[in-house]
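K.L.:
In the order they appear, the protein sequences are chains U and A. For the first sequence, the numbering used here gives the first residue as 1, with consecutive numbering after it. For the second sequence, the numbering used here gives the first residue as 1, with consecutive numbering after it.
Misleading hints may appear alongside valid ones.
So, partial list: chain U residues that the calculated Cβ filter (under 8 Å) puts toward chain A [stated by the list, open to error]:
#1 Lys-180
#2 Gly-530
#3 Gln-538
#4 Arg-542
#5 Ile-545
#6 Asp-548
#7 Ala-574
#8 Phe-577
#9 Glu-611
#10 Ile-617
#11 Asp-619
#12 Leu-621
#13 Leu-640
Everything labelled a hint here was simulated from the structure, so no lab data went into it. All residues carry an ideal CB built from backbone N, CA and C; glycine is no exception.
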Amino acid sequence: MSGSDRPFADGFMDDYFAEADEHMVAVRRSLLALEGALGSALPSGALEELFRSFHSLKGISAMVELREAELLAHHMESCLRAVRQGRLTLTSTNFEGLVDGVRLLEHVIAARRTSASMPDIDPLVDKLEALGRTGDETLPIDAPAANHTSANAPASDDGRARRWRVNFVPSPQLVERGVKVDTIRARLMQIGDVRNVTPKVVPGGGISFEFDVETNDEAQLAQWQEDGLSYEPVASAPVTAPAENDAGAAPVERPLTDLTLAGSSNVVRVDLARLDDLMRLVGEMVVTRSRLEDTLRRIEAHVPFQEWRALQDHNARLERNLRDLREGVMRVRLVPVGEIFRRMPFVVRDLARDNGKRVHLELTGQSTEIDKFLVERMMDPVLHIVRNAISHGIETPEQRIAAGKSADGTIRLGATTAGETVIIEIADDGRGIDVPSVTQRARALGLVVPDDGGLESRALLDIICASGFSTRDEADRVSGRGVGMAVVRDTVEGLGGTLAVESRPGRGTTFRLTLPLTLAITDAIIAHVGEQIFAVPQTSVREVIEVDASLLHAFEHNELMPYRSGTLPMVRLAEMFAIPTATRPRYHAIVVGTGQAAIGLIVDRIAGQREVVVKTITDPLIRVDGVSGATELGDGRVVLILDAAALSRTRRQHARVITGVSA
Amino acid sequence: MSETSVAVPETAGAAQAYILFGVAGTTYAIRSHEVLHVEMIEHVTPVPNAPAFVEGVVFSRGQVVPVINLRARFGFERAAMTQRSRLLVVQHGSRKVGLLADESREFIRINDAAIKPPQEAIGGLSGNYLEGVATLGQRIVLVLNVREIVEMMPTALA
Chain U
1 MSGSDRPFAD GFMDDYFAEA DEHMVAVRRS LLALEGALGS ALPSGALEEL FRSFHSLKGI
61 SAMVELREAE LLAHHMESCL RAVRQGRLTL TSTNFEGLVD GVRLLEHVIA ARRTSASMPD
121 IDPLVDKLEA LGRTGDETLP IDAPAANHTS ANAPASDDGR ARRWRVNFVP SPQLVERGVK
181 VDTIRARLMQ IGDVRNVTPK VVPGGGISFE FDVETNDEAQ LAQWQEDGLS YEPVASAPVT
241 APAENDAGAA PVERPLTDLT LAGSSNVVRV DLARLDDLMR LVGEMVVTRS RLEDTLRRIE
301 AHVPFQEWRA LQDHNARLER NLRDLREGVM RVRLVPVGEI FRRMPFVVRD LARDNGKRVH
361 LELTGQSTEI DKFLVERMMD PVLHIVRNAI SHGIETPEQR IAAGKSADGT IRLGATTAGE
421 TVIIEIADDG RGIDVPSVTQ RARALGLVVP DDGGLESRAL LDIICASGFS TRDEADRVSG
481 RGVGMAVVRD TVEGLGGTLA VESRPGRGTT FRLTLPLTLA ITDAIIAHVG EQIFAVPQTS
541 VREVIEVDAS LLHAFEHNEL MPYRSGTLPM VRLAEMFAIP TATRPRYHAI VVGTGQAAIG
601 LIVDRIAGQR EVVVKTITDP LIRVDGVSGA TELGDGRVVL ILDAAALSRT RRQHARVITG
661 VSA
Chain A
1 MSETSVAVPE TAGAAQAYIL FGVAGTTYAI RSHEVLHVEM IEHVTPVPNA PAFVEGVVFS
61 RGQVVPVINL RARFGFERAA MTQRSRLLVV QHGSRKVGLL ADESREFIRI NDAAIKPPQE
121 AIGGLSGNYL EGVATLGQRI VLVLNVREIV EMMPTALA
């Protein structure tokens, strides 16, 4: 089943995968919504969406002749039809069957994409087919569902869903926590039907949103009050429908369907490569403009002041326009971080079950936006940390109860924006990192561990991120191969981000990933060392200081200088990179990193701050520690972009003898 | 080394186009379809801690391209770059790599039959990069295997 025997279909495969991905996202979303409602009123919107997604997947899979996917989608569609017609009850066992089907479908699509061998679908297809044929079971859904041809058939179930008027007032504080109106809408859609949203101006000039929601999950609404929600039941259905009771509110129109359609009708799907091209063009314009500026400076003396002034004005305007253009293009590349989060409920659910644990997953800030490029690369690291949290962090229900905690562990996955960075936090309320065991294991591996017992969090991170480290004796299937955290940190830092961990015994562990919003263009500090010029991304720079050579204290392998109330380890870039440079009485230093990880990078001088276009370095010949990319400043020469985090790590790992310091 | 067979397409006996270049007085050849372009070269930015034969990086048509100093690669002393120095940007798989040569001015066709496998007696090379030896009248031209030159060293550097 390789791709080669399907030349005709191959031309469409990229489109197919993109479209299939979108449908799979919808499938996962609906499955989750349904799972939450098993045994009670199934949200009709989710049921409908799921049905439609399977239907579409069946169609597009048939078009590209991916028979396995077509079959799976077809049988799952049949199952859902049976559910809609009331022939089949969505018990948790049946639901599992669907989940297995979806997972296999994913697998099939992935296999086609990577030309891997096709998984065996027959057993599951048989099972799903049998499910879909179910016809004689007692009607579990009391409504005469078969008579309804509309989307809402199953919604009229047991009448427990009530209507609420939910009010949301956005605030900067909430936005900081990643709670926006989109977040709220997404949440409400998870627990029920959102029939309508009305923005309202509140006295004082602010804005609020009124959601008309049908749900039976009042407890959840209550919980969200801290996120700026208030709610009240709608006494009676305001529209037609003479309600049997005030909550019955028979479905009037096709609420969720309409909402979904409205949401997607004015969306354009763009190939990321085209955006990259656009960004590259913007990048070239930025470089051209900086050349223009250099030229302007040079001719200043030769041009009448009035003329020069006009040129300068145009240049300034061009710069502003370019910044706007750059931001605009950048914004197009931003996607909600929720793309990463969406898979998590599945992972958590499966792993918790496999590990005999009970885990409740809380997601916040799904609508926080981040560069598409980063989203794709953050998926695995986040997945890995979440897996660790379940297999290592969260205790079994018995252990938790014995420790006086609730039987259900909680993993909080949240995203927020802070300036030019996005912070992703993964927090569990488990047992925390077992420091003595970590220390012991680290020593056994020959890693240096400070003796003072209390491992400072940065040191702890260094240990758990050391490659080959795993606190479990056998690497289990969940946490993988013991290379995990090393890869996680390398990935995060390779993207110009930082990773931090905080752990409290018995209380849990929090990992914090701080990432730049986007990679393509960034502000950088330009530094000279001997003949060489380097750029250091502004996001990783804490401050730039002037250093008097007499303040540098050298001792074996190290150099320190007084800094604030303590000392700061210093690294001479000239030494580290073996660049010939003259001894000077004064240097500049770039302070990067925080706390124990802070270091000062000594350079000859700082030439200022520039907007630089980041080009990635991919060739293995030039991928070296401490260099994250390349840029140019207008003269066509390559300027290397330094990876501050990697430099400080290299520094910690192989301290070098520092010579030639004026004592 | 003689087992390194010359990749001769179906049209054995046909001629292929090569780009000739000089390094330390010897003439080398690379199949022209493997060469993206040949550039003048002014400034190469050194990359700290890269392998010794890597001269550094340049931008070539907007892309970051590593530069292999062929003198250093073949075990000669480095020489200062001159007006005649050329960068041959070769494509290998998805990689683009620049090869720094002392000069490069010729584009010729060599008959496949004129290229012989390297003799057994040629030894002491740092890799299988020598694919064949062509004799063109009085001239000896060493035909290089781009893959061997571009791919060999990353393992050595890890």
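K.L.:
Output the numbers, in ascending order, of every earlier hint that fails for this structure.
P.N.:
1, 2, 3, 4, 5, 6, 7, 9
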